[in-house]
Every structure is written in C-alpha cells, then in structure tokens.
Amino acid sequence: MRLIEKIKGTSPVYRSYNEDLIKLFTIKQGGKQGRSSETTKWEEAKYFSFVYEMYMYAILLGFKNNYQIDINDGESTKKFIEIKHWKPEEMADYIICAIFERLKIDLFKIENYDEKQLNEFVQNFKNEIESYANGGFEIIKDKRDEMGDLFKDSEYRFLELIEMSIKFNLNIIDL
Amino acid sequence: MCYYGINEITFEKGLNIIAGDNGYGKSKIFDAIYWVVYDKCHDVNYKEPRSTELIKETIISDRHKHEAEDGVISCSVSLIFLDEKKNNRYTLKRIFKGTKNGKEFTFGNKSKLSVKEKVRNLDSQFINSKDDIDRILNKIMPLNIRDYMWFQGEAIDRIIDFKNSDSLLKAINLLSDISTFDEINNIAETFKKKTLGKLNQKKQEQSDDQEASERIKNSIESMVEKITKSELDLADKENDLFEHNEELAITIEKIQAAEEIKHLNIETNKLYKSIESDSKYLETLKMSLHQKMFSELWILKGMEEISEEFKRLYKKYQNDRSNKRAEILSEKKASEIVKNIGFAKLPANMPRANYLEQMLEDEQCYVCGQKALKESEAYALIEAHLDKINVSEVSIDDSEVANFNFYDEFDKLFTNSISVKNKIGKIDDNIENYENIVSNLKNELDQNQNEYNRKSEILNSLLRQESLSVMKAEEITEKIKTLNTLIRSTEKKIEKIKYEIDFQNDELNELNRSLDKLVTGDIDDVFLKGAEIGQKLHDLSKSTRERVFAELIEKLEIQANRHYKEMTEGNKAARGIIKIKKSGRNYSPDIVNNSGESLPGMNTSNMILIKLATIMAIISARESTRDNELYTLISDAPLSALGENYSLGFCTTVSNVYKQSIITSKEFYVDKDLQNTLLNSEHINLGSLYEITPNLVEEERESRNKLQTKIDRIK
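Protein chains in written order, with our numbering: chain V, 1 to 175; chain W, 1 to 715.
By construction, these hints were calculated from the structure, which means they are not laboratory data.
Note that the Cβ used here is the ideal one computed from N, Cα and C, for glycine as well.
Keep in mind that the hints are not guaranteed to be accurate.
[Unchecked claim] Output of the computed footprint for chain W on chain V, the stretches with three or more beta carbons under 8 Å from beta carbons of chain W:
#1 1-9
#2 48-62
#3 95-104
In isolation and in its complexed conformation, chain V is listed as follows:
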C-alpha cells in the first residue's frame, strides 16, 4: 500500500455555495470548444485556468492565515478532480508536505497503523485539505465583497492577497 498515492487518489470537495465564486475567477473548461485563448481569458478577468488552480490557491491562502472551515456533515458539496491530476505536481506535493507539517504527525507512527487506521488517516488528511481550502475561499469572498468591482481592477490582486495575508486577522486584509 502507498500512502501518498492514496492521498493523491482522493478528490477533495468544496462547499457548493462557493461555486459561484469559483466560476467568477475560473475559466470554464470545455467551453468554447477549447478555443479559449489567453486573451479571451484575460478579457473575462479569469485568473485561474482550472478549478484545481483556484483550489490550491485557496488551500495555501487558508494555510497561510491558519484559517480553516470544516465542512459539516450533510452540507452540500462539489467534488472535483483528484489531487494526482493537479498541476504543477511539485506544488501539489508541497501542499501535502504542508498538511503533514500542520498535522504535526509522526510519519514513522503512520507506518505502524493498521489498514483501518490508515484509511482513517487519509480521510482526515483530505478533510484537513478541504478545511483550509474552504477557509481560503471565505477570505477571497470577504475581500471581494469588501472591494466590490475594484477587486478585479488589478492583475496583481490574487498575488497581493496571498502576499499580504500574513496580516490577515480572520477578517481584515489590507491591500
């Protein structure tokens, strides 16, 4: 059995209510018969080419701000592509490192889990990813609501958001 492979085989979810936010900044794949040029993307002010890009961004934003929102049981969620397909792979792997670090887990201890414990661990790991991502989405949403149309007026907006997030205090990010 391979642990990372198992983790990467999972498909994290996001809360359905974040779908509009994701659509707002992500180019819909398959639209325009794959002819969507970079120019068109830019004109539509879409910052992410794929949902997983925005998802990774949200994880890192949540992670950096130490802001997690757990998804409650029964809450409506949207599933998307498995981690193993996220690109660039080195970023996805780095995120996995980050989660291990944040879980303060003893790696050797994991190797001594039985299969059931291991499966539980993988599930917890996925939940952890999801809670950071949803925390990140919440930060984006707050900032967008606060700035309104101004949010889209700078190409640096998302970069600024992650750069300045160190100052984030659950509600305020000064851009």
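Please build the complex by placing chain W on the supplied structure of chain V, with the hints as guidance.
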C-alpha cells in the same frame, strides 16, 4: 406644430426679433410665413421646404388634434401686408383642413389660399384669378430676390458659395440693373451685324463678279462666326487659366502646412504603432501573470518554512526508522555474535551501530563508561564490533520495522520540498523583475500616449485651420504638379487660340479687301456710315456696360465694407477689408489687407459675415429700386452661424439696411444681458422683440398633447 389657439404677432418697422431657446418654436414662425406664400414648410429631415401635400397633418398642433372633438379640424395662418406709401393692404390666408374620427385623421392633399386686396381707399376685395394672386405674391416677395431676402440661417453658405464663383455674379445680375446694359449690348450687337450685313450686301450688288462676291460674302460671315467662337473659347480658357492660377496660389499657400501635416501624420502613426505593440505586450505580460503564479510557484511566496518543517518531520522519520531498524539489527546481531563469536567485554545486548559510531566519535565507551581514545585497545574493540555488525549478513524484513513502508514516498516529498524551497527563494527576484518590466512598459506607454495626444492635437488643429485632411495634405504636392501641368497646357491652348484669332482676322481682312476689289463705282455713303455707326455703337455699349459694372463693383465694395465694419465692431478678431475680385469672367469676395494682399486663415464666422455683408451691399446699393424699403428681410436664426460677438453688429446693420426685417434668435433669449443691450441700443432700430416659451417644462413636453407655445411681447 406647437402653436395652439389664436396667436397674433405684429411686426413693426425696423428690426423684429423672435427670441426663444432651441425647440421652442422660432422656426415655426418662419415656416408659418413661408407656408402662406409658398405652400411649403421647412422639413428638418430633408433640410428643405416641402409642400403641404407631403407633410400633411404635422402642420396641425398636436394639442389641437388631441383635444378637438370629432369632425372637421383645421389650421390657418393669415398674413397682412401694408404698403404704407401707396396705402395698399393685402391679406393672405392659407388654411389646411381634415377630419377627426376618434384617433383617426383624414386630411386632404391641398391647402387653400385666399387673397384679399385693398387698394388705397377702395373697399377690399377677394382676388380669384391665379394671375392676380401671383402678381400680389410677387409684390410681397419677388422670386428673383427671394433667396437674398428670405433665408434660413444655415442656408447662408449656399446663397453665396465661394467655391462657385458664378454665385456672386448671379446675385449681382439679379439684384442690379446690369442686365439692362446687357440687353442694350445685345441690341447694339445686332445693329452692328445688320449694318455690316447691309454694307456687304451692297458691295455684292455693285460687284463685277456677283458669284465671287457672293462666295466671299458667305466666307466673311462664316469667318466672323469663327472669330466669335474663337473669342468665346479664348475667354473660357482665360477664365480656366485664372482659376487654375488661383487654385495654385491657394495650394502653394498650404504646402508648408501640408508638409507639417505629413510629418506629424507619420510621427503619430509611428507612435500609434508603438503604443499598439506595447499595449499588446503589456496585455501578454498581464496575462502571463496568472500562469506564473503556478508555473513559477509565485503563490508559494514566503512559504519556505513548510520545507523546513517537513524536513524536521522527515529527519525524525528517518531517524525513527533507522533506529528501529538498527535496534532490530542490533538485537539480531548480538545474538549472532554471542552465538558465533562471543565478546567478553561487551554485554550481550550490544549497542546498536549508531551508538557504536557515536562512541568512536566521542572516544568513549558508553557501556563501561571508560575512555576509548584513538589507537587504544578499547577503541579498536568498538571498531571491531562495528565492523562485525556492518559485515553481518543478517537481513531485516520491512514488516519487522513497521506495518508499512512509505519511505520512498516520504523521500520523494522531501526531495521535492527542497527543490521547491530553492525556487521560493528566487520568487522575490522574479516578481520584482516582472514588476519592473511591467512598470517600465507602462511608463513608456504613458509617455508615448502623451506624446501621441500632443501631436494628434497639433495635427488636428492644423487640419482644422487649413481645412485639409491628411489625405489631401498628402495629395497637395501631387496637386501642385497637376495644376502646373494644367496651367502650362491651358497657356498653350490660349496661345494657339490667339494665334488662330489673329490668323482669322487676317483672313477676314483679306476677304474684305477681296470683296472691296470686286466693287465697281462708289458705295452709297449711307451704307458706309451705317456700318461705321453700328460698330461705334457696339463699342460704346460694351465699354459703357464695363464701366457701369466696374462702378457697381466699386459701390458694392464700399457698401459691403461699411456693413462688414458695422457687424464686426464687437469683435477685434475680425480684420481686413472686403475686396470683390474678378475671377476670370466671374467675381468673388475676399478679405485683403491694406496692400490688397489676401489674408489667410479666415474662420467660418468671418466667411459668413463677408457673405452677409455682400448680400446686404447688393440690396442697399440698388439705388434705382426700393427693394430694401418694399421688402422685408426674413431670416431664421441667422446669428447661429456667427460668433457670439457679432450679434449686435449684425442687428445694427440689418436694422439700418432694411426698412423692416424679421429674424429669429436663440442668442437674445438665453443671454439676458445681450437682450438688455439690444433693448437699450441707440444704434439698433428695434421694432419689436417677442419671447416665445412652451407652457410645459421639459420633462412634461414628451407628450405633446398639452403643449402650447406662449408669445410674449417684450418690446
């Protein structure tokens, strides 16, 4: 229309002004007068007067159409004209009828005009004959002067079109007595031909070779015709040459500006292309930003600590695993050693390899607590133990260490984290580099854009000032070449025609001499004197016509300058004097300096003033008629085409040139100071001033069903 109910306006002697803002109904008063006389109203969509048959119900007030009960509905305008000198009074009434049925309207095609005439102290009577009606209409406003007395402000340009040099000559011919001299000239010409014809006939009769004389006489007639034709050709060509030279002079004047325009155009195009390409590059850079956020890991900026933390986890994991493995190995080895070799000085539970390595490093045995310095026996013993363990063939199964082995995966994660950390270290520089490129590009774009705006503004102002387009400017050099070629070719043609005329005159003289030679006896003096008188009379009428015309032009210039000076008094920008220049056979007004040189760069207001001054000069110079006394100048918004400083000057001139004039104006409504100056002016002979206003505010005027224009007399 916006006039509802009964509205009455009395126009006095002098200047009468209808003042109102845009859309208040000024033009409709102009239209109403025009409609009565010509059965046409100005149609804004067609920019020309159109007949009642075409415009139909639009002529009737919307309010009336809305409020009238079912049945006949109508509108009418009555005009009363007074000829005070003769005590004559003419009443013209035009009416247009239709029927209303609910929301449906039916209108006839024709309006009806009734005319009443009251001559002196006699009773007034209706005029029924069409000829009599036309006679009266022509009295009110003769057709030949209508265009110059009754015009839309925006049509001034068309009345005297500088580009059409015929237009001033046409106006002079129409409004002066010069046509009488033309008629005299024609009579003299005919007389000359007749007397000459009779002389030649007589010569033929007294010829000793009738046949030859007949042939020569015919040749003479044919030659005279040829000469007349050649002379006309010559005049045409000379006129062409004059026009080409004029055009060349104007074109040459523009060449410097054209060169500058060409240069500026090239520069602005270059800047435009540079802006376009920089903008595209900037967009590409902007677009690449979100790619770089991932491909160059920019969103991991400042997250090196993850790598550090993971390294700590991983090292611990490595240690734990290694220790566990060593522990197992050590246990296995110990039992092997005890079993196979045995060591007296080390316990059975022999330390694991890493402890032995530490002992060697520290030169101390941690089993007995004694020193184990290098090259000592104790040191060698520890080394031997370590060697035994290392060379041991004892194997450990992964499952003995842990349930699972994720070493490869964790190792891969670790290796990746180190590589990512290195990349994160370079992100700041990469972003700074990117931002510098973007910022430099933006600065360059701003600079180019400012330069482009500056140069475009100069270019456009030059184009406006010189009335040129870029294309025309580019064509100007070519045009000069073409004009020069045209001038050379016209000059050659003129030379040729002149040569032909000389030749034809020689031929004619020769023919006359041949005819004279055949004559026998003396020709009766009556014929000789008759031909001589015919020639002299013709010469005299021609020179008289030329003299009268020259005097007329001189008088026109004096009058035009007087009006121009009056009208431009309020504006210091206006300069120069009007000179009516001969252009070939025609004439056109120009503005010159005191030395008679043309002043370039006249603006539109100036041009229109010159035209207005010239029209008024033609009217006021016509001393033998009473046009300015008999007829009323009626103009819709003539001030709209002039600059704001010309309004009072125009009114002064108009009120002095015309006994009665009616103009509509927005200027005297919106500018109350100007209105006050008008009311208090000593120079303006103001007959009346009316203000017209709608009864509804602008927001309520959308539905015209309650709309009505109010007329208030201010003076």
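Inset, instruction - Verify the coverage statement for the stretch 1-9 of chain V against chain W, using a C-beta to C-beta distance below 8 Å and requiring 3 or more qualifying residues. - result: holds (count 5)
Legend entry - Within 8 Å of chain W (C-beta), three or more residues of the stretch 48-62 of chain V: holds (count 6)
Inset, instruction - Would you check chain W against the stretch 95-104 of chain V, counting CB to CB pairs closer than 8 Å, and say if three or more residues qualify? - result: Result for this restraint: holds, n = 5.
When the structure is compared with the earlier hints, no violation turns up for any of them.
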